[in-house]
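Asker: The listed protein sequences derive, respectively, from chains F and Y. For the first sequence, position 323 (counting from the first letter as 1) is numbered 325 according to my numbering, and the numbering increases by one without interruption. For the second sequence, position 333 (counting from the first letter as 1) is numbered 1215 according to my numbering, and the numbering increases by one without interruption.
Any given hint might turn out to be false.
Said to hold, decoys possible - Using 20 angstroms as the maximum straight-line C-alpha spacing, the simulated EDC-like pairs for lysine to aspartate or glutamate come out as follows: (1) Y:Lys-1148 x F:Asp-432; (2) Y:Lys-1232 x F:Asp-435; (3) F:Lys-477 x Y:Asp-1075; (4) Y:Lys-1019 x F:Asp-432; (5) Y:Lys-1232 x F:Asp-391; (6) F:Lys-477 x Y:Glu-1055.
Claimed, not checked - Beyond 10 angstroms from chain F on every Cβ pair, some chain Y residues (computed): (7) Gly-1023; (8) Val-1036; (9) Glu-1077; (10) Asn-1110; (11) Arg-1123; (12) Pro-1128; (13) Ile-1140; (14) Lys-1148; (15) Ala-1161; (16) Gly-1188; (17) Val-1198; (18) Asn-1201.
As the list claims (entries may be wrong) - With beta-carbon atoms standing in for the labels, derived distance ranges: (19) Y:Ser-1234 x F:Gly-356: 51 to 57 angstroms; (20) F:Leu-70 x Y:Ile-1146: 33 to 39 angstroms; (21) F:Gly-356 x Y:Ala-1228: 24 to 30 angstroms; (22) F:Ala-215 x Y:Ile-1146: 47 to 53 angstroms; (23) F:Ala-489 x Y:Val-973: 52 to 58 angstroms; (24) F:Trp-7 x Y:Leu-937: 35 to 41 angstroms.
No lab work stands behind these hints, which were simulated from the structure alone. As the structure is a computational prediction, the values presented were derived from the model and not from experiment. No residue lacks a Cβ here, since even glycine has one placed at the ideal position from N, Cα and C.
Below, each chain spelled out in residue letters.
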Amino acid sequence: MKRSWPLLSLIVAAGILAASFFPKHRSTDMRLDDVAALPVLEGGRVKPLDTIARVSLLMIHGRQTVHLPQRTLTAFEWLMDVMFRPEEANRENVFRIDNPDVLGAIHMEQRKRPYYSFGELRPEFPTIEKQASEFQNLKSEQRSSYQRDIVNLFNRLILYHKLQNTLLVAQDKNDLEFLAQASAFSPVPEFDEKGKIAWTSMAQSLLNLKPAARPHPAVVAYALMGQAYHDFDPTSFNDALARYREWLLNLSYERSRVQAELLFNRVQPFYFSLVVYLLVAIFIFVSWIKPQIGFERAAHHLILLAYLVHTVGLFARMIIQARPPVTNLYSSAIFVGWMTVGLGLVLERLYKNGIGHLVAACLGFLTLIIAHHLSNSGDTLEMMRAVLDSNFWLATHVVCVTIGYSSTFLSGFLALVYILRKSFQGAPDDKSDVSFEKMVYGVVCFSMFFSFLGTILGGIWADQSWGRFWGWDPKENGALLIVLWNAFILHARWSKTANRTMFMVLAVFGNIVTSFSWFGVNMLGIGLHSYGFMEETFIWLIAFMASQLLVMGLGTWLNFSHKK
Amino acid sequence: MVLVLWGTLAQVHLGTYPAQRIFFDSFFVFRRFGSMRIPIFPGGLTLGLAWIVNLSAAYVGQVRRHLHKVGLLISHLGLILLLAGQFFTQVFSIESHLPIQIGESQNYSESSRAVELVLIDKSNRDFDEVTSIPSGKLKAGELSLPRLGLTLSVKKYFPNAVLSMKPELGPSEATRGVGAKVHVEEAPTVTQDDEENVPSALVEVKDAQGSLGTWWVSSALGAPQSFNSNGKDYEIYLRPRRYYFPFTITLKEFHHDIYPGTDIPKNFSSLVSLIDPEANVKRDNLIYMNHPLRYRGYTFYQASFGNNDQLSVFAVVQNPFAISPYLGCAMVLLGLAWHFLVSLTAFLRKRS
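One chain only, chain F, in its complex shape:
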């Protein structure tokens, strides 16, 4: 048992992964999995209905499942309720509201589980709308947290309302015109004059109908399915669905990409990797306390599995989006994680002392958690704005800068582990110390090259796009700070101004510089890379920087106390 349990743990993990490939709605009478695969247009790209469900629920509820007293709904089941059984959906407590000031403004009490239903929020709609419209015109960094949260609540209510309207049909022309404006996505693949697909809303399609013409098959299908779902009639539902799917077989659209995205949604590769990285980190810690009973081996197997899944997930995103890996803040976090874990695995291969794996697992977990928190505000596979619409520069500048971030974090984290171990172990271990220093030094050199290259490529892109190589944009300044800091550490080491311990301390500061450059500058609210102020992120950022300063202090104290 002792010998084989690491392998067993790997098999179990792989099994859990395999299970996630299977559709989740097999047990219901209505073939919901096939409905989830139906293509619609939203946000400028064709995606499965499943994505609409998951992203909307994430934005409204903060999670991808709804836990009700009697049962648990998947995101797609929830969407079906919203669209076709509205009376029931409006009773479900899905709207997440944490801010007590917002609750006070709408005369609601705080609850243990901070979720409220559309039904109970609806009477307060005029109040919310009035408050939100006052603050819509303020820039996001000028709003207080109350103002931000109430505007956010308003937008979520609008989204819910639009989702309810999207698959409705009506007879009256005025009703149809209203519905055409109030749709959350475009489910009807009509053809324009040139014969290309122009996705429209149900209502618009009906408005476009010439007299005595038959409605579009999509309109018929969704209308019939809606009625059948509402009446709990699985036969009619599946019937209408099957006929529409057959019609769709002859339609030429991005079918394989939509199917890939559906599978990607089901498997949730980054969530899987996140959990396994955490497990690996725990296993490694345990193996230090109780070595030789297999935790190192289990950790070794599992981290490779997690990394494989992480890699496949990253590539899947690239294929679905047809873009290089880093296109927004969310994907930058995924890529930073992928790069740091990869480099950590390389280090482990070279040095074989367990440190590489530990650092890889910890950083993999941390970056994926950051990514997870960044995925709540909308579709992470969003389209690129015009000026960013250049695959060449996205693949070169953005990737290099992100590699620079990854490696600076890796060296900083390695240095952090060095300082913490030295502080708590005390006993000098020259061989291990030397290999640590070589690791950190090597990674800092790597980081120097890529952060410089990335910054230069950014300048060249800017020169091609706006006519100036360097514009002192906050993000550019942040990148410059990383390059300068990496150069500074290296020169301090080469000139022997810093000894090994101080070199580690300086490397830890690299974490502060990089987090400022990656997240901090986005929150200043100015310049070309501004995303606006995010209060919770700011608090985490400050906490992180403070923690790094503490470690630096520890290292400095270590250095000067040893000198005596």
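Using the hints provided, position chain Y relative to the given structure of chain F.
Answerer: Here is chain Y on its own, set in the frame of chain F:
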């Protein structure tokens, strides 16, 4: 690093360009103490120059002793080239913009920030004679223009102002022209990147016969204001500073593509016609994101648009040192890559 961090944080409340001027485009960062401006920190230009001097000195000292570290030497030389190139770019490059409507032709671009006071002599039928005074010279005081026989007395100059028509505030300080009906109050300069200053000046024009009147001129007052002196008709304006180029750009088409069903812009493109009588050039060009038009030392970039997609705005840059960052960076990267490979092979050889 301190300068970069300080300057970046200052950009938040000063606006990106004003902060850039104070911290990076200057030799020193100044602070007011009473009526004096004291330099309290070295600015971007000083630090950049110091860095260049440092690198060059180190270079000269090191070359002989460390010839085997060729890679590093090459990269430091590249760095010197990069910094020097940026220094010269900062000092010599001219950035302006060109807003142009569909169907319009233009042979000049305008500065986004600098203004000029112009007197246009319209007495000749075939051409206008323009006398231009850059805004730097428009401080309160006397400006004599002997060739025209005029003296301008700048009574007030506001880098930013608010103009209003409020009869209840009493008579305007201007005696003639549109400005006579307008009340102008000084305002603090803008700190938000999407706002613009409205420079304005109160100018009295005098010739040999005496004062011809006092006018308000402002970038917000575009209507012609005129006077007559020595038998010539002049118009006076305060307008964005113009940079003329020896050819003409005509905007034929402008396209603004968005992703279907969204507001997200997919592409902006302008079809322009370039006519250069001197070089006998007459051709069409497409200017779009990441694809500028380069001609005779001028580069035109698609920057913005407006007026319901009828107006295209180009950023125009004249920078003879534009190639320097490319050369400098190429050298640095070559040097670093060389050095990295040399170190890597040594490392791997030691391990085996």
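Asker: Against the structure shown, which of the earlier numbered hints fail to hold, in ascending order?
Answerer: Those not satisfied are hints 1, 4, 5, 6, 13, 14, 17, 18, 19, 22, 23, 24.
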